[in-house]
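Chain order of the listed sequences is A and B. Our numbering puts the first residue of the first sequence at 23, with every later residue one more than the last. Our numbering puts the first residue of the second sequence at 4, with every later residue one more than the last.
Derived from the structure by calculation, the hints contain no laboratory data. Backbone N, C-alpha and C fix where the C-beta goes; we use that ideal spot for every residue, glycine too. Check before you lean on any hint, since a few could be wrong.
Reference listing, derived: stretches of chain B covered by chain A, where coverage requires no fewer than 3 residues with Cβ under 8 Å from a Cβ of chain A [what the hints assert, rightly or not]: (1) 77 to 89; (2) 224 to 230; (3) 239 to 248; (4) 264 to 272.
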Amino acid sequence: MAQAAAVAKPPAPPRRRRASATPRRLPYLLIAPAALLMLGFIAYPVLSVFYYSLQNYNPTKPWRNGYAGFDNFVQAFTKDPQFWHTLTFSAKWVVVEVGLQLLFGLALALIVNQTFVGRALGRALVFSPWAVSGVLTSAIWVLLYNSQTGITRYLADMGIGSYGTSWLSDTSTVFPAAVVADLWRGVPFFAILILADLQSVSKDLYEAAEVDGASRLKQFWHITLPHLKDAIVLSTLLRAVWEFNNVDLLYTLTGGGPAGETTTLPLYIANTSVDAHNFGYASALTTVAFVILLFFSMVYLRLSKFGSEDK
Amino acid sequence: MAPAPDRVVSEPARPKGRHRAWDEVPRWQIYLPLSLYLLFTLVPFYWILLFALRPAGSTSLVPWPVTFDHFEKVWTERAFGTYFQNSVLVGLATLVMTTLVALAGGYALARFDFRLKRAFMLALLCSQFVPGALLLVPLFQIFANLRMINSLGSVIVAETVFQLPLSMILISGFIRNVPPSLEEAAWVDGCNRFAAFRIVVLPLLRPGLIAVGSFAFVHAWNHFLFALMFLSDQSKQTIPVGLNTLMSADSVDLGALAAGGIIAAVPVVIVFAFIQKWLITGFSAGAVKG
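All chains, full assembly: derive it from the sequences and hints.
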């Protein structure tokens, strides 16, 4: 008995000591799974992309594989018109998409922030496309743009467009058609972000402004907009990155076509690597994309004042 | 002299009435743009329902008579039954893994100060900018080396990894909202750290965890590229890949496409209807504090 107690007792103090000492090691243990997953499946792949960007690497043409220096980059910037096209198209896509989403999203958020009859239902309905995936958005708009049975046919009856053309296979209509399809899903998303911030504006400010006789426009300009500024800037940046990176919609809606017209840089990368197996070249293109994203994330970190205030 | 008090009484009342009319938004300025936007939102939904429910070859703008042939065909002939199972598996496994790993990491970020914390936070934030699409090739090689190509495991791991940063930021925000004194009180009562967390903190986190978990589920359910690239057997594929196959088929079967789209949407609609109110608060917490 005495012995058992003696045996049982010694482990207790170390355990208690460990309990107070664990906080040193415990946080590392807790973040270990996340850290390992991210190291293995984000950090390592990013590094290997940099490595392959300097290699000729094509599993279907093994005899050409080997160190290539900056050949891939030279190839991209001087001999590949398709690369320049994807760069300019990416810029156009991001600017138009994000600009329109900001405009409509802000308007939509301001509207559904008012009190009116049926607001809850109205909100739920106008926000509903947010839940729809990129592929499903494509499926829906493929149905709408179908030349035989789509809404385009009924619009042609009303004098908008012409019969028998699919807006997705015509180089002159494919861009606006794709933009509208993506707006359908993107505007609600933006509106939700802005609405969340809108609700934190103090009502007192408006009441004070009202007493001073400020018009609604003035209230919007001097109270609402300054309050939303940070949220707008940050969500616009995030959206820009997201729209740049997003592959699902254009891949399934247009496949980058017709004739490469709607190929963004990430889509071009996916095609170069997966279809053409030109991994070295695709890695070089990815490196270019990373440089662009790095610029965006530096601006984001700067503006979000990361690290200056949080603990 | 007599009218004077009358004016004094009426004057405060009149500007008040005028004020309200002036400062409140006229109803038409709400309802008109809202209805226009609603039209833009709902017509596409109506269109897909129309194609899914009306018989093939019909051009009626009303789905009548209603037929469920398209659903039957997509479910059995186009293997959507199998895709559905795979998608459920991928979605649930991603949900569980993301929530558990992010919960552990989020707790560490919320409750401890440790040396690598700043670096880890920075890594979390930066990894939100790294697109999975750009990492397809190295990811493919990694999964090939791990012999996980053509197994749902590869998709589950990839979806989890890319879902982790945001989830962890959100969860650590939720944990920060729980006062540490609650936990400390439980320690005093003899609980160890883990028991205190389980008994005191976890129940308070439930709404946040539901939001994060459903995010992970919906993302994994909707995401397309990893499944397309890492799974080669048709029997292993997920719903979005099935939809893409229907779209790129030579003769697009619009009825089947519409029915497939609705099958793809149903779980997401259910999840969102169930958690909507938590989702928006969880989202704003993450967007503002992240």
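Do the hints match the structure? See the list:
For a cut-off of 8 Å, the count of residues in the region 77 to 89 of chain B with a CB near a CB of chain A stands at 0, and the three-residue condition is violated. Counting residues of the region 224 to 230 of chain B whose CB lies closer than 8 Å to any CB of chain A gives 5, which reaches the minimum of 3, so the coverage claim holds. With a threshold of 8 Å between beta carbons, the proposed coverage of the region 239 to 248 of chain B by chain A holds, since 3 of its residues qualify and at least three are required. Using a Cβ-Cβ cut-off of 8 Å, 5 residues of the region 264 to 272 of chain B lie near chain A, which meets the minimum of three, so the contact claim holds.
The structure does not agree with numbered hint 1 stated previously, though it agrees with all others.
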